[in-house]
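Chemist: Using the hints, position chain B against chain A.
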Amino acid sequence: MRGRSKGNLQKALNVLGPFIGLLFVIAIFALIPEVQGRFLRGGNFKSVATQSVIVALGALGMTLIIISGGIDLSAASNIALASVLAAYAINAGAPPAVGLVLGVAVGGLVGLVNGTLVTRLRLVPFIVTLGMMGIARGLAKWIAGNQKIDAPMTWVNELMAKSPRPSWLLLAPGVSIVIVFAVVMAVVLRYTVFGRHVFAIGSNESTARLCGIRTNRTKVLVYTVGGLFCGLAGVMEFSRLTVGDPTVAVGLELDIIAAVVIGGGSLSGGEGSILGSMIGVLIMSFLRNGCTMMGWPNYIQEIIIGVIIVVAVTLDRLRHRRES
Amino acid sequence: MPDPTAPPALRMEEVGKTYGATRALDSVTFELRRGEVHALLGENGAGKSTMMKILSGAVAPDSGRMFIEGRPYAPTGPLDGLRSGISMIYQELNLAPHLTVEENIMLGREAHAAGWLDRRGMKARVREVLDLVHHPEISPDVAVKKLGVGAKQVVEIARALLNRSRILVMDEPTSSLSQEDSLRLFEIIRRLKEQDVSVIYISHFLEEVQKVADRYTVLRDGRNVGSGDMEGTSLEAVIQLMVGQKFTEMFPRVPHERGEVVVALKEMKGSRMASAVSLSLAWGEVLGIAGLIGSGRTEMLRTMFGLDALAGGCLVVSGVETTKAAPWVRIGQGFGLLSEDRQGEGLALALSLADNITLSCFRPYLRHGLLRVGKQERAAGDWIGKLNIKTLGPRQKVLSLSGGNQQKVALARLLHQQADVLLLDEPTRGIDVVSKAQIYGWIGELASRAKAVLFVSSYLPELLGICDRIAVFHRGSLVDVREAPGWTAQSLMAAVTVGRASGG
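In order, the protein sequences belong to chains A and B.
All residue numbers for the first sequence refer to the numbering used here, where the first residue is 1 and numbers rise by one.
All residue numbers for the second sequence refer to the numbering used here, where the first residue is 1001 and numbers rise by one.
Hints are not guaranteed to be accurate.
For lysine-lysine, the following DSS-like pairs were computed, each having C-alpha atoms within a straight-line distance of at most 25 Å [stated by the list, open to error]:
| no. | chain 1 | residue 1 | chain 2 | residue 2 |
| --- | --- | --- | --- | --- |
| 1 | B | Lys1390 | B | Lys1436 |
| 2 | B | Lys1397 | B | Lys1375 |
| 3 | A | Lys11 | B | Lys1145 |
| 4 | B | Lys1211 | B | Lys1193 |
| 5 | B | Lys1146 | A | Lys11 |
Hints in this document: simulated from the structure, not taken from any laboratory.
Chain A with its partners taken away, still in its complex shape (with noise of 0.2 Å):
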């Protein structure tokens, strides 16, 4: 039909953007006598690949928050008290998999008191999860006893190793479990109801509200999927250090949000898409990966992060001013 292949060209068009940003990134570095050697490698790449794990599951549940018009700054402080709450059970004794359980459970629960503020105290999200960043890190470092927590290493901890063990497993099982949800995530916001309901409630509110949309509903349960992806990300950021770490991730909402934003993600809310957020993800990896190793400092990179974002913003601004 001539009306769905438009639509369908329509999506292609929009992650064609980054993808070609993605392209770009990863051709500059490749460019580059010094590093074109180690860069372009298939061991760099699933480097690459594994150090993305945490920030790709962040940005699974910011990529709903955000189309649905809102925000949660306290992603990264919730990846730091799972993180740690993981930790804390393994090295009380409980076996791994109730760590993983707790961890993602706790990232869940923030999610929710986040959903259920934004909701009933009709605050801007903005506002909510600014507060709930101090509380959720003030909690890990509470929790934590303001050190790193020991743990015993378990099969938690293979989670994020570059090489796995089962070598027919080519990547960390961080990455496939990243894959799967991710795939998910994407089903979930074209083909369910919930998933159109996100995008209506991000696009205008009060419509959705006047159709009979559960906005406060859908609303509360967008924040805690996002919970529970930065519980996730919690427990693997844990498996990556064997530590629970309550200073871990600082700042790295921000990451979470660019790469939201690259992939296509407004932060009005209404637009945004999994792949898009990968990709944004994918291309931020990359930038760190490659700056690393020209042996640039730190600050380098987030100098050209801050720029790729505002540039990114701006070609989208620029392709919807045409399209209107």
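Modeler: Using the frame of chain A, we list chain B on its own:
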């Protein structure tokens, strides 16, 4: 054909609503027959929107009963209203711009199996309903934000139909529509009647209402002061019911004299204008600018006021050529602009009336850099009285006023600023009949005090009524300028719609 023997589609009996000290509705009884178009008329603040809010279920009445097709109807919220078959279509359309036509039409009623969307099924149903309203050219897969206003309205109507609504309430449906889209809308309404759908039609355009409606009801001060068949009823009789007294002069003639040219556009072309324009405006003149929506008039005003950059030609103000300008420069030169986008550009909705009215002329209220609030509020109070703005006081937030009263606040700002050259873009849009006449009086008075007024409007009768000269825009270019007596209603309409000036 409306059938008077079947139980009425809607019956509201002695419905009342009081807000604090104000009786918004006073024992109103109203009947809507099946398959009829019923016009609901009344001034701003007469009670129409309160009545519709009660009907839709958004507000609960203090007294009275309602019946839909004979069955008692007592909604506990707007969802009840929807489920009972009542759909409201407001001027500010209720659509999600990022979603497609199909997604908007099916919003809240998606066909699904355990949460999984049945996209193919829904698209088929959407095509069906779009065929029903004879707009098969609207593709279900297009994002709504890409549609024109007329098409967006069709989408809302389609959604109402899919919700199996038997009663449609249309609030000012044609105020943002072009002539063509309006005619198409009337076609759709005709089809709805054939399906036994009833329409409550609220509009300030009385000539239109006369053509479209079968019956009418007039509200005044919260009371039903009269209803009857539209056929055989004159507009004067209806206006009299709305106003409650003998309404003589719609277009008060205030004598004024044209003086020297104050503003001359010399092949002026702005960044958003389609073509260059040469036009002049004199002191003591009311110059009307007629044209269809999108014909380029607003863009010309924006360039004149400095909102858009000048891309060619120049503007001569009191004999001095200016090429670059910005709004503050123009304000300094005595210009004032009343924007057509009153909510977006004309007002600061979150601020109070006092703040809005004094926004473009703050200096008189400053003492050593501090704002003298009392003085500001007194001045605002003056203007509230002069323009008869229905409000609780100068401290009330403009956000909470009705559309027509908001428009009056925007106008008050211009008048307060004591602008010498007034650029008015659709100043009477959304305003009731009596206030319109008042504004025409103001414009006449300004002209008599040798101010210059540029009056952009899509409502031809008012242009013919008060302007000295009328210019016509068509598709971005100025096609003709004539002294008012040189135009007739027909020739003006022809120039506006077709672009060719005919004989007379």
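Chemist: Are there hints from earlier that the structure breaks, and if so, what are their numbers?
Modeler: Going through the list in order, the structure violates no hint and respects every one.
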